[in-house]
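Protein chains in written order, with this note's numbering: chain A, 1 to 242; chain B, 1 to 308; chain C, 1 to 214.
Incorrect hints may have been included.
What the hints assert, rightly or not - Not close to chain C: a few residues of chain A, all C-beta gaps over 12 Å, as computed: (1) T52; (2) E117; (3) V213.
Stated by the list, open to error - Straight-line distance between alpha carbons at most 30 Å, and here's what the computed DSBU-like set of lysine-lysine pairs gives: (4) B:K190 - B:K159; (5) B:K155 - B:K215; (6) B:K232 - C:K2; (7) B:K257 - B:K143; (8) C:K2 - B:K286; (9) B:K90 - B:K143; (10) B:K232 - B:K291; (11) B:K67 - C:K2; (12) B:K291 - C:K2; (13) B:K243 - B:K159; (14) B:K125 - B:K67; (15) B:K243 - B:K232.
Quick caveat, the hints were computed from the structure, so don't treat them as lab data. Even glycine gets a Cβ: it sits at the ideal position worked out from N, Cα and C.
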Amino acid sequence: MNLLWTWLSDPESWQGSSGIPVRVAEHLAYSAATLFLAALVGIPLGLWIGHTGRGRVAVVNLVNGVRSVPTLGLLFAAVLVVGPLLGGDIAFLVPSIFVLVLLAIPPILAGAYAGVEGIDPGARDAARGMGMSSMEILFRVEVPCALPLIFSGLRSAALQVVATATLAASVSLGGLGRFLIDGQAYRDYGQMAGGALLVAVLAVLVDLVFAGVQRLAVSPGLSPIRSARRVRTRAQLAANPT
Amino acid sequence: MKKHLAILAAAATALALTACSSGNPLASSAPASSAPASSGAALSIVVGSANFPESEILADIYAGALKAKGITVSTKLNIASRETYVPALKSGEIDLFPEYTGGFSKYLSADADTHDEASALASLKSLLPDTLTALEPSAAQDKDSITVTRATADKYSLKTIEDLAPVAGQFVLGGPPEWKNRALGVPGLKKTYGLIFKDFKALDVAGPLTVQALKNGQVQAANLFTTDPSIKANDFVSLEDTKQFFGAQNVIPVIQKTKATPEVTAALNAVSAKLTTDTLASMVTKVVIDKEDAATVAAEFLSTNGLG
Amino acid sequence: MKWFLGHLDQVAQLMLNHVVLALIPLVVGLLLALPLGWLAKRYRGLYSPLIAGTGLLYTIPSLALFILMPLVLGTGILDPVNVVVALTVYTVALLVRTVADGLGSVPDEVVQAATAMGIGRIRRFWSVELPLAVPVIAAGLRVAAVSNVSIVSVAALLGIPQLGSLFTDGFARNFLDPIVVGILACMVLALAMDLAILLLSRAATPWLRTRVAA
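Take the sequences, apply the hints, and build the full model.
So, in structure tokens, the structure goes:
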């Protein structure tokens with residue numbers, strides 16, 4: 001592990017167009033673009049499926065099915081098919097992001113539709129009783145109530161994307177995977193271990209950021225920790241009424 | 001409930017057992033041990049190859065020629081590049097490898113003299129570690145090259161690698177990731193030709209990524225192998241290596257001394273005798289352009305030349 | 001597809017290698033996750049650090065783990081054992097939380113009833129808590145199985161022969177057929193393992209079936 005320290009402490013590793021900051025920025029850019037596009041497709045679709053109840057079986061099977069697709073194979077196939085059609089730098093970028101987005105949609109989709117599906121029917125009923133239209137119910141009741149599960153889907157997708165974006169380096173893209181592929185190519189164990197460590201750290205940081213955003217965005221009444229605590233307290237009170 | 005746990009456990013064990021008992025599928029193509037045989041009686045050889053089609057073809061040819069002589073052979077193909085498989089060669093995990101005189105010499109020592117066939121061979125023989133030996137080289141050569149598109153060559157009047165000197169600063173060079181550090185790569189090009197490129201892009205080992213990147217303009221100059229059919233197919237121009245930087249690259253079998261029995265040596269030398277650059281190039285074309293299997297093409301070569 | 005039909009035995013051999021490389025870590029990982037998950041559930045204080053720690057293991061990219069294994073294990077660079085150990089690490093990382101949650105989902109009353117019947121702690125674990133946790137654990141196992149099949153294919157970048165080799169081979173030759181066959185074979189394999197685990201878990205929990213029938 002002193003190889004790792006040697007590489008990390010070498011100032012050259014941090015400079016230049018293939019230094020650590022650049023690679024981290026690239027990796028974040030790929031991950032952010034992927035999550036944004038996947039959420040753009042997954043959240044509305046999941047909300048619609050949860051709201052209307054249609055297509056549920058298809059979605060469940062699709063989510064399971066897509067999880068079984070080998071990322072590396074799809075990546076290679078996409079680059080071979082799409083690459084020749086595009087010119088310049090995006091020739092490899094577009095198919096890679098496409099594959100990453102495709103594989104990130106299922107967890108987000110599942111989170112969104114499970115979130116809407118799991119809403120207390122009483123809340124929906126009350127909203128309808130108050131005279132809200134279908135769209136109003138969706139945006140003012142269902143989405144806020146579904147936020148915890150939507151976020152859970154986003155977080156697991158984020159983790160997956162940050163880890164899989166490393167494979168993009170095998171088709172010449174940048175990102176932290178570059179340290180893995182290049183480190184493997186010239187047997188620089190320090191670089192490989194460094195790349196692995198950076199990916200792990202980045203994943204944890206991204207998860208923390210999402211957790212923070214979730215804290216801020218989700219209504220406190222839906223927080224699972226607090227409601228569980230409340231339940232326990234109630235049960236305890238029932239057991240010892242003093 | 002205990003009964004059901006027992007069913008689960010039994011099923012899991014059964015699955016694991018069937019997997020293990022199916023003749024160690026973790027070994028590659030033919031069942032053989034990878035430990036070097038101490039006596040000549042049960043000689044078994046592990047042939048390795050690098051991660052590009054030509055290397056696979058050559059490994060299959062060597063394996064086929066040895067099998068034809070009744071020697072037990074197994075293959076470990078697509079092992080990345082020298083940085084990965086040379087340690088395996090040194091440790092004895094692999095016994096035999098199809099190598100290139102100049103390339104391997106420069107890998108072992110950055111200053112090796114490889115400017116012609118004779119010197120490349122001599123350098124290799126003197127630089128190989130004690131446990132390994134090189135057999136007869138073949139006439140077939142496959143060299144690295146710096147290749148550009150026809151348009152680029154015309155625009156900057158490029159014929160030789162030296163012509164790149166004034167324009168290299170505007171060019172992005174593409175090659176396999178290991179080129180960044182290798183003597184026969186970016187640092188070497190700087191030392192011998194004084195070329196300082198704008199940037200280096202790690203692609204693949206002269207494969208479709210490199211070809212596409214060159215075509216698409218992602219890189220302006222790229223490393224392709226001289227036997228690569230894509231050069232002709234895309235009207236690329238390989239720049240002349242006037243300073244013999246890439247040197248002579250004859251295909252040569254490198255093998256553990258302990259495995260180089262007279263039988264093995266004879267079989268492999270017979271292969272080297274029949275291997276020419278043209279046959280090699282046509283075999284690579286069959287695999288890469290016509291999408292035939294490396295194993296099939298190798299078998300064809302052996303039967304055509306009476307070696308298997 | 002023509003290429004597939006012409007290469008049936010090659011694909012079959014690669015698939016067999018793939019199954020072994022994906023299955024062994026699944027079984028070993030489960031066996032290792034059981035005590036760890038039990039510890040996490042039993043001692044509340046251990047839950048967060050254990051889950052966080054194993055979660056961290058899961059974020060290490062597979063390629064890095066495969067390559068760094070020889071340094072840790074002292075195995076050869078080309079040894080498939082590296083893949084098996086790395087995948088076991090991933091499986092354990094995934095399953096510890098599942099086992100802990102599964103054991104935690106066993107209703108307190110059932111555990112208390114078992115204790116009241118005089119069933120000792122160890123026997124209670126094997127004959128009451130674990131069987132009731134099977135549905136949750138099986139769900140996690142299915143996810144682990146499917147994800148293992150996909151991760152094994154990455155080992156092709158190191159030359160380890162399995163279905164992923166179809167990807168690297170096809171890519172090197174600019175040949176789409178082996179890649180497509182490889183993708184479909186991986187998916188079939190993953191779904192087959194998923195189904196197998198589902199059926200096994202159904203077989204191990206007959207009480208759930210009778211409830212539905214009634």
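Results for each hint:
1. T52: With a cut-off of 12 Å, T52 of chain A remains clear of chain C, as the shortest Cβ separation is near 26 Å.
2. E117: 17 Å, holds
3. V213: Non-interface label on V213 of chain A holds, nearest chain C Cβ at 19 Å vs cutoff 12 Å.
4. B:K190 - B:K159: Holds. K190 of chain B to K159 of chain B sits at ~18 Å (cutoff 30 Å).
5. B:K155 - B:K215: Holds: K155 of chain B and K215 of chain B sit about 15 Å apart, inside 30 Å.
6. B:K232 - C:K2: Status holds; Cα separation ~28 Å.
7. B:K257 - B:K143: 27 Å, holds
8. C:K2 - B:K286: 18 Å, holds
9. B:K90 - B:K143: 24 Å, holds
10. B:K232 - B:K291: 17 Å, holds
11. B:K67 - C:K2: Judged against 30 Å, a Cα distance of about 29 Å means the pair holds.
12. B:K291 - C:K2: Holds - the C-alpha atoms of K2 of chain C and K291 of chain B are around 12 Å apart, at most 30 Å.
13. B:K243 - B:K159: Between K243 of chain B and K159 of chain B the Cα gap is close to 13 Å, so the pair holds against 30 Å.
14. B:K125 - B:K67: 26 Å, holds
15. B:K243 - B:K232: 23 Å, holds
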